[in-house]
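K.L.:
Spelled out from the first residue to the last, the chains are:
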Amino acid sequence: MGFDVSHVTEVLPLNAVARVPWAPCWVSGVMNHQGRVLTLIDLGRFLELADTPAPTVAILIDRADVNLALCVAEVAIVEARDAVRIGQIKQFLPQAALITEALSTPGLEFQHLDIERVLDGIEGAF
Amino acid sequence: MDLTRYRQLYVSETHENLEKISQLLVELESRPDDRRVIDIVFRLVHSTKGMSGTMGYTPVFELAHHLEDLMDRFRRLQVPMSPAVIDVLLAGVDRIGLWLGDVEAERLPLRTDQAATTLHRRIEELLEGRLEDPPTLAPHPRGTTPSPAVPGPGVPAPGDVVITVEMDMKCPDPGLRGYLLHKKLMDLGRVRGVVPDPQVLRQGIIDGPIRFVMQSALDVSQIEGYLSLMPDLARVQVRREDLPRTERAAPADARVSVAEPPPEAATDEPELVFSDDFDVLPAGRVEPSPSGDRAAAVVPALDAGASAPGPIQSAHEFNEFDFEDVLGDMEREPAPLHAPPPRRSPAAPTAARPAPRNAKTAETPDEPDEGAAMGEAAIVHAPRMTRSVRVRTDWLDGVLNRTGDLLIIAQRLWNRNQDDPNPAMTEALSELSRQLSALHQDALSVRMTPLSVLTGRMPRAVRDMARRTGKRAQLVTQGDDQQLDRAIIEGLDAPLTHLLSNAIEHGIEAPESRERCGKRPVGTITLTCTRVRDEIVIEVADDGGGVDRAKLAERAVEMGLLTRARAEALAARDLGRLLCLPGLTSRDEPGEHAGRGVGLDAVREMVNTLGGLLTVQSEAGRGTTVRLSLPRAPGISKLLLVEADAQVFGLPLARVINTEMFEPAAGTPPTVDHASGRLRVHELRALLGRPLDPEQEEPTPGSTFPGVICHGDDGSFVLRVDRVVGQQDAVMKPLGPLLERIDGLLGVTIDPVGKPVFIVDVACFVMRVG
Chain A
11 MGFDVSHVTE VLPLNAVARV PWAPCWVSGV MNHQGRVLTL IDLGRFLELA
61 DTPAPTVAIL IDRADVNLAL CVAEVAIVEA RDAVRIGQIK QFLPQAALIT
111 EALSTPGLEF QHLDIERVLD GIEGAF
Chain B
187 MDLTRYRQLY VSETHENLEK ISQLLVELES RPDDRRVIDI VFRLVHSTKG
237 MSGTMGYTPV FELAHHLEDL MDRFRRLQVP MSPAVIDVLL AGVDRIGLWL
287 GDVEAERLPL RTDQAATTLH RRIEELLEGR LEDPPTLAPH PRGTTPSPAV
337 PGPGVPAPGD VVITVEMDMK CPDPGLRGYL LHKKLMDLGR VRGVVPDPQV
387 LRQGIIDGPI RFVMQSALDV SQIEGYLSLM PDLARVQVRR EDLPRTERAA
437 PADARVSVAE PPPEAATDEP ELVFSDDFDV LPAGRVEPSP SGDRAAAVVP
487 ALDAGASAPG PIQSAHEFNE FDFEDVLGDM EREPAPLHAP PPRRSPAAPT
537 AARPAPRNAK TAETPDEPDE GAAMGEAAIV HAPRMTRSVR VRTDWLDGVL
587 NRTGDLLIIA QRLWNRNQDD PNPAMTEALS ELSRQLSALH QDALSVRMTP
637 LSVLTGRMPR AVRDMARRTG KRAQLVTQGD DQQLDRAIIE GLDAPLTHLL
687 SNAIEHGIEA PESRERCGKR PVGTITLTCT RVRDEIVIEV ADDGGGVDRA
737 KLAERAVEMG LLTRARAEAL AARDLGRLLC LPGLTSRDEP GEHAGRGVGL
787 DAVREMVNTL GGLLTVQSEA GRGTTVRLSL PRAPGISKLL LVEADAQVFG
837 LPLARVINTE MFEPAAGTPP TVDHASGRLR VHELRALLGR PLDPEQEEPT
887 PGSTFPGVIC HGDDGSFVLR VDRVVGQQDA VMKPLGPLLE RIDGLLGVTI
937 DPVGKPVFIV DVACFVMRVG
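Protein chains in written order, with our numbering: chain A, 11 to 136; chain B, 187 to 956.
Errors might be hidden in some of the hints.
What follows is a list of derived Cβ distance ranges for each label pair [stated by the list, open to error]:
no.	chain 1	residue 1	chain 2	residue 2	range
1	B	Met953	A	Val76	23 to 33 Å
2	B	Val575	A	Thr62	51 to 61 Å
3	B	Val197	A	Ser16	50 to 60 Å
Which chain A residues stay away from chain B? Per the calculated CB distances, all over 10 Å, these [what the hints assert, rightly or not]:
no.	residue
4	Val21
5	Asn25
6	Ala26
7	Thr49
8	Arg55
9	Val67
10	Leu70
11	Ala83
12	Ala86
13	Arg95
14	Ala107
15	His122
Worth flagging that the hints you see were computed from the coordinates, not collected in a lab.
Backbone N, C-alpha and C fix where the C-beta goes; we use that ideal spot for every residue, glycine too.
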């Protein structure tokens, strides 16, 4: 999965995570980061992806007043100009509507997420 | 000039004005001839009008202007206000409040509507005496008007200074400059009237000379000198109306007695527009005149030098800063416009002797100051210093959060140092913690607000609700000067309003019923606020008929909410819980504000969210008391930390009765036997959806577990935990917009290793886990 890096404030290792009572299953927990309590969202679980590895890093999202981070197993940054559109979006994904296109860069293929819709979906699901 | 930066300030100040006006109008209803209150209301309306005009909010300005006219009529005629007039005034206040909402939401420009038009028409009818009451409201022909205390605001009285000014029409904005001149003249004394209306001038409209009538202690020549320094004035004429001989000693700016009609003023004078700002008047002492006239002579305020003539020290040109001055009135606390009077010294005979306008009459000398008479005094433009500033509340929240974070970091540093203690570091960290604690306390203190900011507008609410329900009720408040954190104050607004409406709709009986029971026809609702250690206890008590427990229990059974046995048990022992059952009402027909079965349960939920408790007591025929126990400040919470499933949680100490090791009793649901009786056991692990294995849950003889006895809304219960960690004063952090949607979480704090710890609402927890 990939999305526009302009939404990213910081990438952090997961550390001292507290679980959240009565939260949806895709909420990994909360974490303290410089006095802010970040709500951690397991992106794989939210997108209902099967067999995603356990998250190790949190991607802090730039979203007004919402201390929210997306948790994933690994992060890579690619140049958009190197990406080419490939094939069809994998329609079998439960949350396929959140994906805008399938892209390829040298050595990496990924689905491009409409991150605004993802974030709206997260906020709406609380 | 960009006025938008003053918008928030305008909204805040005008809201305050409206609240005060509402409160005072309700007071007027019981004391309709209280001149002092009428004067204050008039001033507040006047101030609202002025600010609205300056900001360009025309519909507000126009309505305030009209309301001011109505107030002025009562103020001048000195007749009591009828409830119908107060209704109209309150409706006007409400309409302005709606416009303020539009300003806040930036729905601009403001638009007038049918309701406002109707209101204007009603005011007009009242002014013309067509709507009600009337003889007192009907306009009187000139010369037959009942004598007001002072001459009409624009009619020169003996001693008044009349200034006629022709603006240089070639200068830019002569009208606006005329308006600013009016503001400047207010520094020289009390401007009683201006033609044309200053608000017309403010809009730049001018078609002739401007005429000011004012009271001033300055000589005509001094005023002329002052005006000569003003640019853009083509021609100036200053004269003083002759004083009767016996009154010459009195400074012209002193307050005039209220006892006797003034001498007949020249009736050919055009009616001037009232425009003074009389809350900066110097207080004058009123004494009977030597001649025995009922018209009193007036002695000077505080210090004859206070407003005595003297050389003019400053007069500056009009520029944009004058606009700032105009708006600055909105920014400043009421403060003397003149510097405090310096102690006079023979060595400094020419020192400025500024005039404290709010001088105390007790200090008033009988004779004018000799030095003042010699012209030693001077008018100074005092530094407009204030002892307080307005601060946006979200900034205060930010300061509190930041200091809380610093405390947490200091604690983490302390813990880290304990691994390998360094004496110098230990000492430094101790000092750091002390200072940060003090800073945090300061941050909490500045957020503290008296409860009166809420209760101030409640008499109006009670009045309105009582009128709508055909009942008579009065609100008595006690202890509302208690300071609470602003978050608590904000959270209490809706619950208290609801409790008051409940008291009127359900508690207070109709006047005739009350009289049949030997009660006064006017019911009393008492709102009491007391501080008990770290808690604030607010009670809303009515002297109504009390709750019909049997009827309420029966209704709960009819509605299928409870079994009969349970309903009767609750009615006898736990009325609060019964009343808080969602959907339950004892009313056959719902009222406008209560009786729909939504409310008290929501009140309890809101109080719980604030970390408080709600209890109810009621006695048939004597009334009902709802008691809210609340933390005084939510910034720091006293918590009991407990562990379950390898995670630490905080429980508000207010909810904790005790911690013990318990031996489980046999049977389901799980219980324990305790000195207070058999208590239900709930597992804290259920918070995370992972209760103990049934096998583990099966009690074995002699096995024990740690537990916490907690206050629940349905009585006490035991919370089974894995470990009791201990007590802690924790800095609460907000949950944020996502997590705060999860019921049962009160907040979050950070433990010494930097891990978040959730604070759990145990009452909600029990409801959720069943």
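K.L.:
Taking the hints in turn, state whether each one holds.
P.N.:
A quick look at each hint next to the structure:
no.	hint	in the structure
1	B:Met953 with A:Val76: 23 to 33 Å	holds, 28 Å
2	B:Val575 with A:Thr62: 51 to 61 Å	holds, 53 Å
3	B:Val197 with A:Ser16: 50 to 60 Å	violated, 35 Å
4	Val21	holds, 18 Å
5	Asn25	violated, 8 Å
6	Ala26	violated, 4 Å
7	Thr49	violated, 5 Å
8	Arg55	holds, 15 Å
9	Val67	holds, 17 Å
10	Leu70	holds, 13 Å
11	Ala83	holds, 22 Å
12	Ala86	holds, 27 Å
13	Arg95	holds, 34 Å
14	Ala107	holds, 22 Å
15	His122	holds, 25 Å
The structure is inconsistent with the numbered hints 3, 5, 6, 7, although it conforms to all the rest.
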